[in-house]
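If you read the sequences in order, they're chains E and B. 252 is the number that my numbering gives to position 252 of the first sequence; each next residue is one higher, with no gaps. 167 is the number that my numbering gives to position 167 of the second sequence; each next residue is one higher, with no gaps.
Since the hints were made in silico from the structure, they are not lab data. Just so it is clear, the structure is predicted and the values come from calculations on it, not from any experiment. Hints are not guaranteed to be accurate.
Repeated chains share a single entry, so a pair holds when one copy, or any two copies, can fit it.
For lysine to aspartate or glutamate, the following DMTMM-like pairs were computed, each having C-alpha atoms within a straight-line distance of at most 20 angstroms [to be verified]:
| no. | residue 1 | residue 2 |
| --- | --- | --- |
| 1 | K204 | D90 |
| 2 | K48 | E274 |
| 3 | K204 | E18 |
| 4 | K204 | E193 |
| 5 | K204 | E97 |
| 6 | K108 | E83 |
Protein chains: 2
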Amino acid sequence: MTHASSLLGWDLEINMPEAGASARGQAQSEIELLRQKMTIDLTGPVEKADKLKALNDAEKGVVRVVKRELNYYQKVPPKLVGELQKATIDSNIPWREARKKSDFSIFKPHLEKITELKREEANYLDPSGNPYNALLDLSEEGLTITDLDKVFSELVPQLKKILAKTLSQGVFPEKHALEEIDYDVNSLKQVNEKILQLLGMPDKRFRQDVSTHPFSIKIASDDVRITTRYEPKDFKASMFGLMHECGHALYELQVDHELQFAPTATGVSAGVHESQSRFWENIVGRSKEFVPLVYPS
Amino acid sequence: MTHASSLLGWDLEINMPEAGASARGQAQSEIELLRQKMTIDLTGPVEKADKLKALNDAEKGVVRVVKRELNYYQKVPPKLVGELQKATIDSNIPWREARKKSDFSIFKPHLEKITELKREEANYLDPSGNPYNALLDLSEEGLTITDLDKVFSELVPQLKKILAKTLSQGVFPEKHALEEIDYDVNSLKQVNEKILQLLGMPDKRFRQDVSTHPFSIKIASDDVRITTRYEPKDFKASMFGLMHECGHALYELQVDHELQFAPTATGVSAGVHESQSRFWENIVGRSKEFVPLVYPS
Chain E
1 MTHASSLLGW
11 DLEINMPEAG
21 ASARGQAQSE
31 IELLRQKMTI
41 DLTGPVEKAD
51 KLKALNDAEK
61 GVVRVVKREL
71 NYYQKVPPKL
81 VGELQKATID
91 SNIPWREARK
101 KSDFSIFKPH
111 LEKITELKRE
121 EANYLDPSGN
131 PYNALLDLSE
141 EGLTITDLDK
151 VFSELVPQLK
161 KILAKTLSQG
171 VFPEKHALEE
181 IDYDVNSLKQ
191 VNEKILQLLG
201 MPDKRFRQDV
211 STHPFSIKIA
221 SDDVRITTRY
231 EPKDFKASMF
241 GLMHECGHAL
251 YELQVDHELQ
261 FAPTATGVSA
271 GVHESQSRFW
281 ENIVGRSKEF
291 VPLVYPS
Chain B
1 MTHASSLLGW
11 DLEINMPEAG
21 ASARGQAQSE
31 IELLRQKMTI
41 DLTGPVEKAD
51 KLKALNDAEK
61 GVVRVVKREL
71 NYYQKVPPKL
81 VGELQKATID
91 SNIPWREARK
101 KSDFSIFKPH
111 LEKITELKRE
121 EANYLDPSGN
131 PYNALLDLSE
141 EGLTITDLDK
151 VFSELVPQLK
161 KILAKTLSQG
171 VFPEKHALEE
181 IDYDVNSLKQ
191 VNEKILQLLG
201 MPDKRFRQDV
211 STHPFSIKIA
221 SDDVRITTRY
231 EPKDFKASMF
241 GLMHECGHAL
251 YELQVDHELQ
261 FAPTATGVSA
271 GVHESQSRFW
281 ENIVGRSKEF
291 VPLVYPS
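I would like the entire structure built from these sequences, with the hints used as guidance.
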């Protein structure tokens with residue numbers, strides 16, 4: 001189910017003829033409902049497994065993740081599960097059009113619909129708490145607004161200090177001329193190819209395409225897909241975007257093969273995923289050691 | 001299920017990174033087993049529907065098609081259903097490699113495995129009859145070897161007569177110089193684009209890609225995909241191949257939208273499908289009226 005659903009999502013962005021969107025929403029919605037039904041059918045076995053003493057770490061992980069999915073599907077009714085899928089997919093082509101035309105009004109009704117459904121979802125998940133906490137938990141297990149406020153209230157002033165100090169020392173270079181000009185798409189494609197090699201992306205286990213907004217998606221342990229875009233202004237957006245997506249992809253590509261068909265065979269949270277993508281994009285990609293590899297001085 | 005399964009099949013040929021084949025076989029196999037289970041769950045409702053007097057033609061069609069699928073899934077055990085999917089998908093990359101290297105030995109073990117499984121399948125479907133009849137019925141409902149022998153024994157001598165007469169009259173042109181030369185792929189791509197327009201292929205409802213062997217597949221009523229290839233010898237293979245696939249696609253694209261989520265929303269048989277593809281390829285494409293549209297004299 002995850003394999004099929006991921007591929008349907010990828011194809012929606014990359015290949016699908018426009019008129020196919022309506023049936024795609026229907027298909028994704030049906031797959032998600034089937035997944036809900038199949039997960040709920042696991043209630044008994046999971047409860048049993050949860051009581052076993054002799055589970056190893058991998059097995060405990062599976063129980064933990066399935067319990068989490070079970071909690072979601074038990075609380076959110078099938079009607080809403082289906083509608084959320086359909087509304088998200090229906091919004092895809094209008095979003096692309098709105099972006100292309102810089103016209104928010106095209107996307108607005110879709111965003112309103114999705115927001116309304118997400119509020120309902122939050123309410124089913126936790127009727128008494130702050131709705132954002134319920135949604136945050138879906139990406140970052142257990143994290144709350146209070147936690148986030150604490151983190152950021154400490155981080156922001158410190159970061160501002162560092163920034164002020166760095167700027168005052170004038171060690172940042174002026175804007176480079178390359179950042180201002182329109183670039184040649186084919187030349188940048190060659191640079192990006194080189195970056196994929198430098199980052200050790202394994203040829204037979206991934207592919208790269210172009211999409212409106214760059215993303216990364218795992219279809220299977222040996223089939224991870226990334227996208228990039230060529231606008232063609234500001235080559236850094238394309239180049240660092242690619243490294244960012246490589247970071248997501250490398251994280252997924254390094255999951256133990258023994259777990260490949262287990263529900264644990266994916267990143268643990270949005271935050272950890274983002275730490276991997278930003279590690280490659282910022283810590284590696286913008287380092288003094290890496291830049292000369294693609295821009296010989 | 002059909003939507004997802006078709007897309008997984010298409011992607012296997014067009015996009016999938018090589019290493020993804022094993023998980024793809026697994027995924028397709030699981031989808032097919034789910035489809036078997038869901039179809040068998042329809043046994044009661046279909047038997048009920050079959051007894052109703054007041055069904056219209058569309059409803060009768062649905063009952064007929066589901067009964068046919070039910071018959072298949074009731075007779076062929078899940079283990080074999082899954083193995084057939086897996087074996088077919090596992091053979092795809094080796095087949096491409098064998099074709100590329102003109103080395104049958106790469107594909108041979110896969111063909112042997114599939115043949116063995118198809119024999120088992122035939123045996124489950126009809127243990128007492130000729131195995132080929134059981135398999136023929138899957139593509140062409142009710143047709144038997146005896147029927148085919150009768151058709152061909154009448155057709156072949158007549159066709160030979162027509163061919164001999166035509167050749168003796170010397171009305172066929174000599175081979176054209178264009179047929180012998182290597183063609184420029186980009187130029188032929190432009191010709192093919194023009195052909196898609198001439199055949200009225202609806203822009204937003206289909207897409208075209210390149211694959212090892214040309215094929216056509218319906219993902220949904222408004223999402224039909226065709227492929228072509230550029231070898232680049234003998235432009236006719238690419239050009240008429242494209243028209244052939246357009247024929248398949250136009251047949252699927254013209255199915256009534258009201259049926260789009262019904263099991264009847266597809267071609268009725270391999271033979272009728274082929275009649276449509278060959279109509280566009282041969283009757284239209286090779287006609288005195290069509291050729292001047294792409295090759296002005």
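Quick rundown of the hints versus the structure:
1. Taking the shortest alpha-carbon separations for K204 and D90, only the inter-copy value of 16 angstroms comes in at or below 20 angstroms, while the best intra-copy value is 32 angstroms.
2. Proximity of K48 and E274 under a CA criterion of 20 angstroms is satisfied in neither setting, with 34 angstroms inside one chain copy and 54 angstroms between copies.
3. In the homo-oligomer, the alpha carbons of K204 and E18 lie at most 20 angstroms apart only across protomers (5 angstroms), although the nearest pairing inside one protomer, at 29 angstroms, exceeds that limit.
4. Within a single copy, K204 and E193 get their C-alpha atoms as close as 14 angstroms, which meets the 20 angstroms cut-off; across copies the closest is 31 angstroms, which misses it.
5. Taking the shortest alpha-carbon separations for K204 and E97, only the inter-copy value of 14 angstroms comes in at or below 20 angstroms, while the best intra-copy value is 33 angstroms.
6. Taking identical chains as interchangeable, the C-alpha atoms of K108 and E83 lie at most 20 angstroms apart only when both belong to the same chain, with a minimum of 17 angstroms there against 48 angstroms between chains.
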